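Trainee: The chain contents come next:
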Amino acid sequence: MYGTLAIARRALDDLADFTGTEAIEELRALARPIEGLRVLNLSVTGFGTGTAELLNSSVPLFTDLGLDCHWQVVRASEDATAVTRAMYQALAGVHERWAREMTETWLRYAEMNAGLLTERFDVIIVHDPQPAAMRSFVTDRDLNDTKWVLHSHLDLSTAQEDVWLLLRGHIEQYDAAIFEAPSFARPDISPRTHIVRPAIDPTSPRNMPLPDDVIRTVLERYGIDPEKPLLCQVSPCDVASDLPGAVEVWDRVRERAPGAQLVIILTTDPQDPPTRACYDDLARRANGDPALWVLSMGNELGNVELNVFQRAADVVMQKGLRKGYGLWVSDALWKERPCVVAPHPGLQEQVVDGETGFVAESTPAFADAVVRLLEDPQTAARLGANGRRHVAERFLITRYLRDYLRILHELSRGR
Amino acid sequence: MLGSVPTTPRSLEDYRPIIGDEPAEEILRLAAELKGARVLHVNATAFGGGVAEILGTLVPLMNDVGLQADWQVIKGADEFFHVTKAMHNSLQGMYYDWTPAMLETWLHYNHVNADLFDEEYDFVVIHDPQPAGILTFLEERAARSGKWIWRCHIDLTDAQVQLWDFLRPHVQRYDGAVFTLPAFVKDDLAGPAIFAVPPAIDPLSPKNVHLPTETVNAILERYGVDPQRPMVAQISRFDPWKDPLGVIDVYRAAKRDVPDLQLVLVASMASDDPEGLDWHERTVRRAGEDYDIRILSNLNGVGNIEVNAFQSAARVVIQKSVREGFGLVVSEALWKGRPVVAGNVGGIPLQIINGETGFLVNTTEECVEKLMFLLRRPAEADRMGAAGVEFVRRNFLTTRYLRDYLKIFCQLSGRETAAAPPPAQVQPSRS
Numbered sequence: 001m002y003g004t005l006a007i008a009r010r011a012l013d014d015l016a017d018f019t020g021t022e023a024i025e026e027l028r029a030l031a032r033p034i035e036g037l038r039v040l041n042l043s044v045t046g047f048g049t050g051t052a053e054l055l056n057s058s059v060p061l062f063t064d065l066g067l068d069c070h071w072q073v074v075r076a077s078e079d080a081t082a083v084t085r086a087m088y089q090a091l092a093g094v095h096e097r098w099a100r101e102m103t104e105t106w107l108r109y110a111e112m113n114a115g116l117l118t119e120r121f122d123v124i125i126v127h128d129p130q131p132a133a134m135r136s137f138v139t140d141r142d143l144n145d146t147k148w149v150l151h152s153h154l155d156l157s158t159a160q161e162d163v164w165l166l167l168r169g170h171i172e173q174y175d176a177a178i179f180e181a182p183s184f185a186r187p188d189i190s191p192r193t194h195i196v197r198p199a200i201d202p203t204s205p206r207n208m209p210l211p212d213d214v215i216r217t218v219l220e221r222y223g224i225d226p227e228k229p230l231l232c233q234v235s236p237c238d239v240a241s242d243l244p245g246a247v248e249v250w251d252r253v254r255e256r257a258p259g260a261q262l263v264i265i266l267t268t269d270p271q272d273p274p275t276r277a278c279y280d281d282l283a284r285r286a287n288g289d290p291a292l293w294v295l296s297m298g299n300e301l302g303n304v305e306l307n308v309f310q311r312a313a314d315v316v317m318q319k320g321l322r323k324g325y326g327l328w329v330s331d332a333l334w335k336e337r338p339c340v341v342a343p344h345p346g347l348q349e350q351v352v353d354g355e356t357g358f359v360a361e362s363t364p365a366f367a368d369a370v371v372r373l374l375e376d377p378q379t380a381a382r383l384g385a386n387g388r389r390h391v392a393e394r395f396l397i398t399r400y401l402r403d404y405l406r407i408l409h410e411l412s413r414g415r
Numbered sequence: 001m002l003g004s005v006p007t008t009p010r011s012l013e014d015y016r017p018i019i020g021d022e023p024a025e026e027i028l029r030l031a032a033e034l035k036g037a038r039v040l041h042v043n044a045t046a047f048g049g050g051v052a053e054i055l056g057t058l059v060p061l062m063n064d065v066g067l068q069a070d071w072q073v074i075k076g077a078d079e080f081f082h083v084t085k086a087m088h089n090s091l092q093g094m095y096y097d098w099t100p101a102m103l104e105t106w107l108h109y110n111h112v113n114a115d116l117f118d119e120e121y122d123f124v125v126i127h128d129p130q131p132a133g134i135l136t137f138l139e140e141r142a143a144r145s146g147k148w149i150w151r152c153h154i155d156l157t158d159a160q161v162q163l164w165d166f167l168r169p170h171v172q173r174y175d176g177a178v179f180t181l182p183a184f185v186k187d188d189l190a191g192p193a194i195f196a197v198p199p200a201i202d203p204l205s206p207k208n209v210h211l212p213t214e215t216v217n218a219i220l221e222r223y224g225v226d227p228q229r230p231m232v233a234q235i236s237r238f239d240p241w242k243d244p245l246g247v248i249d250v251y252r253a254a255k256r257d258v259p260d261l262q263l264v265l266v267a268s269m270a271s272d273d274p275e276g277l278d279w280h281e282r283t284v285r286r287a288g289e290d291y292d293i294r295i296l297s298n299l300n301g302v303g304n305i306e307v308n309a310f311q312s313a314a315r316v317v318i319q320k321s322v323r324e325g326f327g328l329v330v331s332e333a334l335w336k337g338r339p340v341v342a343g344n345v346g347g348i349p350l351q352i353i354n355g356e357t358g359f360l361v362n363t364t365e366e367c368v369e370k371l372m373f374l375l376r377r378p379a380e381a382d383r384m385g386a387a388g389v390e391f392v393r394r395n396f397l398t399t400r401y402l403r404d405y406l407k408i409f410c411q412l413s414g415r416e417t418a419a420a421p422p423p424a425q426v427q428p429s430r431s
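Those sequence lines, one after another, are chains A and B.
Sequential numbering from 1 applies to the first sequence in the working numbering.
Sequential numbering from 1 applies to the second sequence in the working numbering.
The set of hints was computed from the structure by calculation and includes no laboratory data.
Source: prediction; values computed, not measured.
Glycine is no exception: its CB is placed at the ideal position from the N, C-alpha and C atoms.
Be aware that a few hints might be false.
The list that follows gives simulated cross-link-like pairs (lysine to any residue, SDA-like), each with its CA atoms no further than 20 Å apart [as the list claims (entries may be wrong)]: (1) B:K75 to A:R284; (2) B:K186 to B:V161; (3) A:K323 to A:N144; (4) B:K35 to B:G414; (5) B:K85 to A:D280; (6) B:K75 to A:V294; (7) A:K323 to A:V196; (8) A:K228 to B:T157; (9) B:K255 to B:E275; (10) B:K75 to A:R285; (11) B:K75 to A:K228; (12) B:K75 to A:R276; (13) A:K147 to A:S190; (14) A:K228 to B:K255; (15) B:K255 to B:E369; (16) B:K75 to A:A283; (17) B:K85 to A:R276; (18) B:K85 to A:T275; (19) B:K75 to A:T275; (20) B:K85 to A:T158; (21) B:K75 to A:V196; (22) B:K186 to B:T157; (23) B:K75 to A:T158.
Rough simulated footprint, nothing fancy, chain A against chain B, three-plus residues with beta-carbon under 8 Å [said to hold, decoys possible]: (24) 150-162; (25) 169-178; (26) 198-206.
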């Protein structure tokens, strides 16, 4: 038995306001043949990651759809957690020195977690590759019929070679693999590969509608002038997010849009040693300017405040991104905010240049695009409205459920 | 010049409707004595933590009432911040093997920061131990001017002797030393005039502003809490001193009587804090499959507004601490008009008038009893909550904090007026 997570009960029908009843009916029809399917989701952590957020939204909805869906967190200790973190970095393409003791620790915990698997499930979905090896240690005959799925929320295309080779043999034991985009997948594995893009939850505190006076109150308390243009970037505090570039864009925008304000919301705690240097660099460039706010979700800024800032922003920017999707952009598009993003595959799936926002690379081009949106409210409104439609079609949780139901369907055939 | 931290302007007048005319006028009278005084606050980080939060309000308010206040952050490399983190823990009672190299690192960076110090101030407030050595090096080069105040936010009761002995000569040079509670002061600290200034909450911050009921309910629902059913909450770190497991036991005992009761536990955790994560897991396990217990944290994106909503909606707020610094979260909850049942430790007895704004408890049984009392008598709970708002209004709002500082400045600079007795003593705890 692993750590079971208490998840809020949720009704799929609550989403009907956002997706229409047709989409909900389609999901119910898809779920009917696999009613009662016992599904276990295993993840490394219960919160603080995009993976956890997706599970938090989707698991109760699968339950509402009639599946017997569970979410548990694998067991780890301090040494195992350190190894898991190092593996995460290596898989994400940041070089890590991988020692033999790390492999030993990793396998020891995989074996221990395999031993904790005592219940029967029809499908076990292992989220992210770090705990993937446990599959190799499951010998119980009762579990022979269980289908194993690896859902990698990570882009594995540039994974560190030695760590990938260590992992690959274990992934070969799986029945299916899920990636977030074709470009994140590995061509060198044999389980059938599916693509399930990530999704946002329109009812989550990050996206729920907010009354105007709550928005006004919060902006006032932070000293943001609602009469002046507001730019917003949400991103981790890392070099690839190009936060200094975002500040530079804003500096250029101010020349043409006097009084423009910038809010940067960091999704990682700037007190962590790796992010501290990046934060200091940002603070230096900000140079005590009262129209620039640097706020952090690692501290006390929560989902509702993020929601407020996105709703209040005239333009949402994403000057850079290391990996993955940067799904905050979909959160912003859902709020009909026009976005300007860097040319990055994950971002460009959300922002189609000229349709749902602008894609720009150089700082001057980026600033031009922002100014254009500030000066042309009609274009801004059109792109914003398109953005919401685009997200509704491609990046809502209902689409995620549909993709998943189809995969579960396929796996349970002949059950 | 160290790094200056930008702050959002604030106006005392925004607080006047909340605190009333008399306290506002008192502040203005004190500020008039100090008009134009140059004040510098120095701490280690512009970001995160209670000190940065306090300065973000205090500094602009000082400017608003006519002082010239600035807030600067010391410079240092990772090696320095590793040492100061250890220093912080060690002063709170954790044992470290202090090597000469570690102490040398601290001295070195204080020396560097003292060399960067090139302006003159009337009052310099140094927060916590990280920058406390700057004064020593300024005195060495005869560059000291103005009154120096060491503001220690840490409870020094259990400080590791070896480190305190090292630090003491540096802080003895100050004109004043400000602690959160008289009990936090070290007996052998001689030299500076000693003041006790309890912390305070900002009624205008997103954590404390009034939220419309629909918004509160909508937030509750998004986090899986049913606004139609009674809920109790505890907002605190997950560690043995806040007893989250005990809170679950208390809730279970009460639930026998109030079957539809819900419990919300909100933790603030650092992703690099294994102890916090470990206690989180223990708490989740204790909760088991009772889904009326919601365990949330900043790592789920629970922030200021969410905490505000949970406090506002709770029938009763619990703070079952068995050891506590000041426990300002108690005042935060009282400010939402909710009665608080809390451990009789640290600064909590200063915030709760037992039986009037909530209850002070010493055991789990007592906690259950008082919680049940308040759950069974909603009118009484509301009445106590209302009394709590008034108590916090008078004693624990950020304007009182501002006033205390102004009084200290007045006293240290010989501007003592009849209206400004020094806040050397805080009220003794009630029980």
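Trainee: Hints first: check each against the structure and report whether it holds.
Mentor: Outcome of the hint check:
In summary, the hint linking B:K75 to A:R284 is supported, as the alpha carbons are separated by about 12 Å, within the 20 Å threshold. Between B:K186 and B:V161 the alpha-carbon distance is near 11 Å, which keeps this suggested pair within the 20 Å criterion. About 36 Å separates the Cα atoms of A:K323 and A:N144, which puts this hinted pair outside 20 Å; it is violated. As the CA atoms of B:K35 and B:G414 are separated by approximately 14 Å, the hinted pair is consistent with the 20 Å bound.
The hinted pair formed by B:K85 and A:D280 meets the criterion: a straight-line CA distance of about 18 Å does not exceed 20 Å. Of the supplied pair hints, the one linking B:K75 and A:V294 holds, its CA atoms being roughly 19 Å apart against a limit of 20 Å. With a CA separation close to 16 Å, the supplied pair A:K323 and A:V196 stays within the 20 Å bound. Of the pairs offered as hints, the one joining A:K228 and B:T157 is violated, with about 50 Å between alpha carbons and a cut-off of 20 Å exceeded.
Distance hint between B:K255 and B:E275 is unfulfilled; the C-alpha atoms sit about 29 Å from each other, more than 20 Å. For the given pair, B:K75 sits about 15 Å from A:R285 by alpha-carbon distance, which is consistent with the 20 Å threshold. Between B:K75 and A:K228 the alpha-carbon distance is near 33 Å, which puts this suggested pair outside the 20 Å criterion. Note on B:K75 and A:R276: the hinted pairing holds, with a Cα-Cα distance of about 12 Å set against a maximum of 20 Å.
With a C-alpha separation of about 15 Å, the suggested pair A:K147 and A:S190 falls inside the 20 Å cut-off, and the hint holds. A hinted pair counts as satisfied when its Cα atoms are at most 20 Å apart, and A:K228 with B:K255 does not qualify at roughly 51 Å. A distance of roughly 12 Å separates the Cα atoms of B:K255 and B:E369; the hinted pair therefore holds under the 20 Å criterion. Between B:K75 and A:A283 the CA atoms are separated by roughly 12 Å; this keeps the pair inside 20 Å, and the hint holds.
With a C-alpha separation of about 14 Å, the suggested pairing of B:K85 with A:R276 holds against the 20 Å cut-off. Using a Cα cut-off of 20 Å, the hinted pair B:K85 and A:T275 holds, with the two alpha carbons roughly 17 Å apart. Taken as a hint, the B:K75 and A:T275 pair is honoured in the structure, with Cα atoms around 16 Å apart against an allowance of 20 Å. As the CA atoms of B:K85 and A:T158 are separated by approximately 36 Å, the hinted pair breaks the 20 Å bound.
The straight-line distance between the Cα atoms of B:K75 and A:V196 is roughly 46 Å, outside the 20 Å bound, and the hint therefore fails. A threshold of 20 Å between alpha carbons decides the hint, and for B:K186 with B:T157 the separation of about 7 Å falls inside it, so the pair holds. At roughly 37 Å between alpha-carbon atoms, B:K75 and A:T158 are farther apart than 20 Å, so this suggested pair is violated. Here the region 150-162 of chain B counts 0 residues with a CB under 8 Å from a CB of chain A, which misses the bar of 3, and the coverage is violated.
Taking a C-beta to C-beta cut-off of 8 Å, the region 169-178 of chain B contributes 0 residues in contact with chain A, too few for the three needed, and the coverage statement is violated. A count of 3 residues in the region 198-206 of chain B with a Cβ less than 8 Å from any Cβ of chain A is obtained; the coverage claim is therefore met, three being the minimum.
Comparing the model with each numbered hint stated earlier shows that hints 3, 8, 9, 11, 14, 20, 21, 23, 24, 25 do not hold.
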